[in-house]
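Participant: Protein chains in written order, with the working numbering: chain P, -6 to 256; chain A, 17 to 298.
No wet-lab data here; the hints were simulated from the structure. Glycine is no exception: its CB is placed at the ideal position from the N, C-alpha and C atoms. Hints should not be assumed to be uniformly reliable.
[Stated by the list, open to error] Chain P is faced by these chain A residues, among others (derived, beta-carbon under 7 Å):
(1) Ala63
(2) Asp66
(3) Leu68
(4) Leu195
(5) Gly196
(6) Pro209
(7) Glu254
(8) Met283
(9) Trp286
[What the hints assert, rightly or not] Calculated cross-link-like contacts (lysine to aspartate or glutamate; reagent style DMTMM-like; alpha-carbon spacing at most 25 Å):
(10) A:Lys199 <-> P:Glu96
(11) A:Lys199 <-> P:Glu64
(12) A:Lys199 <-> A:Asp129
(13) P:Lys55 <-> A:Asp129
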Amino acid sequence: MKSFVELFEVSLRYGEDDDGTLALQDATMRVDRGEFVAVVGPSGCGKSTLMKVVTGLWPPSKGGVIVNGKEVDGPLSITGMAFQNPTLLPWRTTFHNVMLPLEIAQPHAAKLRRERASYESKARDLLALVGLKGFEDKFPWQLSGGMQQRASICRALIHEPLLLMLDEPFGALDMFTREELWLAMQELWLARRPTVILVTHDLREAAFLADRILVMSSRPGRIIAERTVELPRPRALSMTYEPYAVGLVQDLRDHIGAAREVA
Amino acid sequence: MSETAVPAGAPAPNSAPPRRRRRSRKKIGRRVLPWVVIAALFLLWQALVDALRIESFVLPSPSAIFTAGWHWRGPILQSAWQTFVETAIGFFFAIVFGLSAGIAIGSSSLIYDGFYPALVGFNTIPKVAVVPILIIWFGVGAIPAIITAFLLSFFPILVNVATGIATVEPELQDVLRALGASKWQMIRKIGLPRAMPYFFASLKVAITVAFVGSIIAETVGSNAGIGNFMLVASSRFEVPLAFAGLLVTGAMGIAMYAVAGAIERRMTGWALRGGMDIDTRS
């Protein structure tokens, strides 16, 4: 299978000169088309930097990034992004927040005026899929944290991006809400099969959602281990408490512990 | 958004909307309270002037002021209208310039670095000192007053709009950039809407200083307007009439502030009710 995202010995140093912080060092990884990959690692290991490099928001200082067969040299418009902070626009309703990418990303922006009705029904369907039916016309501050995050994920998906980048999107939620959103996320992924890169520090989350888990070392970040999750889909939450997943989480935990000690 | 970054005049995060039934009496009380305070001040003033027998040309009593004001209501209203028109025109240009310059400065660090020091320097110049120059250039009349109103009021608008645009959350910028948004799209979709609460809050400050500006110009050199009216009245030792002009000035200031406040509440309700909820999260 041909890889969709490929990083080859990517280093990134913040700041111009040599004494700037080295956030990534020789990070090499590949993600297949339609694959769900989780990146885990100790805090401050450059996971978020990795996201910026893959999406072309930051040019790497060294090495190359290839996405969808092309060398990345600027922001990629085939990506959708969601962060720990829902970053919804408070002056827009939930529905219009979800519509935002369609007003900007091509080819949708050009077609939006003519095909508004079909786009709008798509947005409503997507909101319904994550359980936000009936909340379309509410403003973000009228929603709970979990609902805001659902809306944020809808916004990341509405323009059918080929690549979905999730930067700890469930990190600020309580455990029950988080698990609910794992299920919603799995459903969305099974329905559309985008390529997903999920950055997280929750190992159970990685085990539940991902096909493959990459472990990063502490700063400067490198990929130091890789595990394939062999659980059938669709997965149930209870699977994360079964021996296989528990063993996997423990294994990952040891790697991260070792990475922290080295630092 | 941290509270410390909020510039003067930025929207204060409001408390929760009052529960209607229980607080309705309290609410009416709050409505009436300012009028009660004003009336009480006037009564106290009247009582002091009467009791201490202060001469009318030193401090006229409110009753003398109202009598003089009512007697000369025609000229007073005419002057007030003149001042209002000058203020409104100057203020209009201040909005146009403040908004566009604020967008430019807020969205480009290059323009910010280049122009901001000069603007701050300009803003520190006392505008009273500029009025005689304006009169040399444009002659006695409405134009110096309009320009002074403009000069005083564009700065708060500019600073607020620039702050609103410059403080857009980096993650939000990433979301839009990753969608392939152009610089102008980022300004239009997030920068401007985000700056709106700042903008409307600054209007309240700007309208009052614009008003001060036109009155200053009228006082220094003009043959019309409420500033000129007060100058003429006091040069004739008609102190109650000069005070009547002052009261009208104050009333106009309050009225303009109230209008700007009402527009603010209408336009940016989202920021007053929900802005805090979103902004404190991160």
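Participant: Going through the earlier hints one by one, which of them does the structure break, listed in rising order?
Facilitator: 1, 2, 3, 7, 8, 13
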